[in-house]
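Engineer: With chain G's structure known, arrange chain H on it following the hints.
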Amino acid sequence: MLIALTTCFLIAFSAPWLYKWLGKHVVIPMALLPFGVMAYLSTLLPDVLHHVPVVQTHTWVPSLGINLDFRLDGLSLLFALLITFFGGLIMIYAAAYLKDNPLLGRFYLFLTLFMAAMLGLVTADNFFSLFLFWEITSISSYLLIGFDNKNKTARTSAWQALLVTGMGGLALMGAFILISIGTGSYTFSELLRQESDFSQHAFFAPALLLILLGCFTKSAQFPFHFWLPNAMAAPTPVSAYLHSATMVKAGIYLLARLSPVFSGSEVWQLTLAGVGAATALLGAFLALQHTDMKAILAYTTISALGQMVAMLGIGTPAALKAMVVYLLAHALYKGTLFLVAGTIDHSTGSRNLNKLHGLAKSMPAVAIAATLATLSMAGIVPFLGFIGKELLYEAALESSFLVPLLFAATFLSGVAYVAVAIALGYKVFWKNTKKQMPITHAPTPKLYGPPLILGIIGVILGLAPNLLITPVLERAAQSISGSLHTELELHIWHGFTKVLALSILTLLLGLLLYLIHDRILRHSSKLKGIYALGPDSLYRRLFQGFLHQAKLFTSAIQDGNLRRYVIYIILFFSGLMLYVLWFKTPHVLFSSRLHLLQLISFHEVVLFVLVAAALLYLLGTRSRLTSIVVMGLVGYSAALIYILFGAPDVAATQLLIETLTVVIFVLLLHKLPAFIYLSHQFKKYNYIAIALLFGAVMTYTMLLVQDHAVASELKDYYGKASLAEAHGRNIVNVILVDFRGLDTLGEITVLAVAALGIFALMRLHPEKGEKP
Amino acid sequence: MRTLIFATAIRMLTPVFLAFSIYILFRGHNHPGGGFIGGLIGSIAFVFHILGLGTRQTAKSYFSITFYKYDRKPHHGTIRHALRLLRKNLDRRKQKEKPKSIWNYYLLRLRPTYLMAVGLLVAVASGMVGLVLGKPFMTAYWVEGKIPVIGSLGTPLMFDAGVYLLVLGMVLKMVFTISKD
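Sequences listed follow chains G and H, in order.
The numbering used here puts the first residue of the first sequence at 1, with every later residue one more than the last.
The numbering used here puts the first residue of the second sequence at 1, with every later residue one more than the last.
Take these hints with a grain of salt, some might be off.
Said to hold, decoys possible - From chain H, some residues computed to sit far from chain G (all C-beta separations above 12 Å): (1) Leu-4; (2) Ile-22; (3) Arg-56; (4) Lys-69; (5) Arg-72; (6) His-75; (7) Leu-90; (8) Ala-117.
Said to hold, decoys possible - Cut-off 25 Å, straight-line C-alpha distance, at most; resulting in silico cross-link-like pairs (DMTMM-like, lysine to aspartate or glutamate): (9) Lys-146/H <-> Asp-649/G; (10) Lys-152/G <-> Asp-100/G; (11) Lys-135/H <-> Asp-649/G; (12) Lys-135/H <-> Glu-725/G; (13) Lys-720/G <-> Glu-144/H; (14) Lys-150/G <-> Asp-536/G.
The set of hints was computed from the structure by calculation and includes no laboratory data.
Quick reminder that beta carbons are idealized off the backbone N, C-alpha and C, glycines included.
The shape of chain G in the complex, shown without the other chains (with noise of 0.2 Å):
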């Protein structure tokens, strides 16, 4: 698993030099890695349908119990191979949809990226590890949103999606640590051994509310759906791939994973059923209002996230069922929906459901793939996605709570689906096919392959559902309910049920739908006022007043002088410990260390009048050299300090860049303007009384802290270990290079970015006119 991921992080990363080399055949090396990774996912197949999950573990930080655990059972194996299935059809598609495109080796690295991440995601079975692939997965979605990078809608809508995810994100990684803090284990199968129930633990609530944010900002539940429209910026592959078929199914990857540790819970279930039946509704609703396909198809994503959802709430058996059979055939129609809009794209140039017709002479493969994936979007029967909706009418029925709002959830977006399939399928491309449509280009096979290929194993899988996807589909909807008894068995015809009249009812409904359609799309300006209080105004009126405030804020603070900004930073500093200082803490017996005074020796006192007389010829200099040479003098002062007092790593660095800085302020001396008073007098008094603020704070902290040394056993033990386990006898080198390298790794990359910033203003010409 691992050497997989890190195959897949490393062509990911070598994409554009791949290009370079290859240039247009970049594409068979890229398609190759996904269909080479699922057939090696194919042959763990066998272990995990006999109830053994695929267990590898690799160290990472195992004192933080962070490790690259990997954990293959029915579920992560169901979504890895749609991943890897999807993930090949989807590059193939993008060399062609992208063909004249430049930046296609960049493309390459962010899809590649992002399917690798995916592909942990579902795999992993350390938290950490499965919340580090969540977040590279937001990430190469937000670099792939904003693709077309000079498009500003683009960029917006790159962002929104980024901080959406992101902050869902940040409550996944509160809700892990809750959990395992609360529980002790850090891995969701060490979770669901465990016999003590967590849900009695004061964590559980939190914890999941955390969970619940986090997965419902990604899979683009209500209130969080809107940044999925606007996703629709990106590429139509992206599209297909990240927003439809897989990224916005890792909230239901997890809600799924997680839901028998939670599954008991009440608020669980009402949320999950709750706010899933209302995106359901409320997607249905709003992809009727739109005429562009991609947007029509975004919506009803999100009304079929909303559905999954549902079904994890209600929890029964059935409900599992329905859940992973429709999460496949809404994979197969929409990723085929996706590409087939993308298509028409390419060779038409509009995506505009009133524009589009009869495109079935000029374009018959596509056609063909569209009209077979929305008759099983529509739940036509020898199709996957009606066998899904049986399921999912029965499952409705059948929840002990909330059933109206459920079954009205279902049913309602069931008509509208049907509505919008025939729209696409028959209005785009079979009727009026005696008015030719223009088109620039025919579609080439990369372009009508891939969904022809989903949507010809959408008819496969739904005349022969026993025989080739249901084992998997059982083991996936056991790893959901904890138990080895949900059994599994799909039937295209189930006799004539309640639910069959239910379906037709659908079907018909949804034509009468289809007809008024046009009547709907004149009347549904009038709802923009409600728009306007939406969710997505909502954020962008939060994200302008935010930038607004901010800018605000700074050009308040942050004026150009530097003098004010050493000012703030002491001040605010000082103030801070004198809080500490007045109320927090013991005070400190200043008679009791008088005698200490005595102790003093000669050349301490020498070195103190240096200073003091420095110091104060400093005030009065009217030459900047003066000054230099003055401050370099206090300076080495303080590293004759450090000898004395038995530092001398410290005194050297410190010699060192005091000499540093003198000959740099020699080097910049002519470069400055003339020395000239400009601040008041009196100011200078405030200066003074600053630094003299600020040193008696820092002086008295020094002596309290002298008087309630902290008994650390540190100090022995690096006395001690430095030798025997480190080769050193200078303990500060050897803290500073192997007990503590970590830290120092992180101040020298500071050092490498402060140089860079640096270089940056200096080359910066603000006379010019440029801006940072």
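Structural biologist: Below, chain H alone, put in the same frame as chain G:
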């Protein structure tokens, strides 16, 4: 600052400073010193060189390498050609005149930013050694045995060398940027 005495002295002293800074880097594990201090000493050597001789001269003598090459003439054998190339490249400090027309040359410039990047890379790579061998990130590994002056070799020393390069690169980047006009 550009007096003749200072310039001459600094031209001779800079290599000494550099050698000393590397010595400080290696002794750091057992005595006062280490990558940070070593890097600072090394950079001070270059800073004085810049003060004495100017940015251009420093960049020319320490941060760029010129490779001379020419197309082999038919009457020159391969060995003779190689020897000539070697001699030309080794002797180039003595030659004051511009390369003659048959000599093409590559100019390889070492930018301080690269030094920084390499330093960071070395530091991270020293940590990765542990990760590759299946231990947590930054687990230290030591080679058995001791070498005079350097002491024992190990990943912490490599990390320190990374710090050295990064500090050197950082100061040089700053100074080069500031002193260029």
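Engineer: Are the hints correct? Go through all of them and say.
Structural biologist: Cross-check of the supplied hints:
no. : hint                    : in the structure
1   : Leu-4                   : holds, 19 Å
2   : Ile-22                  : holds, 15 Å
3   : Arg-56                  : holds, 14 Å
4   : Lys-69                  : holds, 27 Å
5   : Arg-72                  : holds, 31 Å
6   : His-75                  : holds, 40 Å
7   : Leu-90                  : holds, 34 Å
8   : Ala-117                 : violated, 8 Å
9   : Lys-146/H <-> Asp-649/G : holds, 24 Å
10  : Lys-152/G <-> Asp-100/G : holds, 21 Å
11  : Lys-135/H <-> Asp-649/G : violated, 31 Å
12  : Lys-135/H <-> Glu-725/G : holds, 16 Å
13  : Lys-720/G <-> Glu-144/H : holds, 20 Å
14  : Lys-150/G <-> Asp-536/G : holds, 22 Å
The structure fails to meet hints 8 and 11 from the earlier list, while all remaining hints are met.
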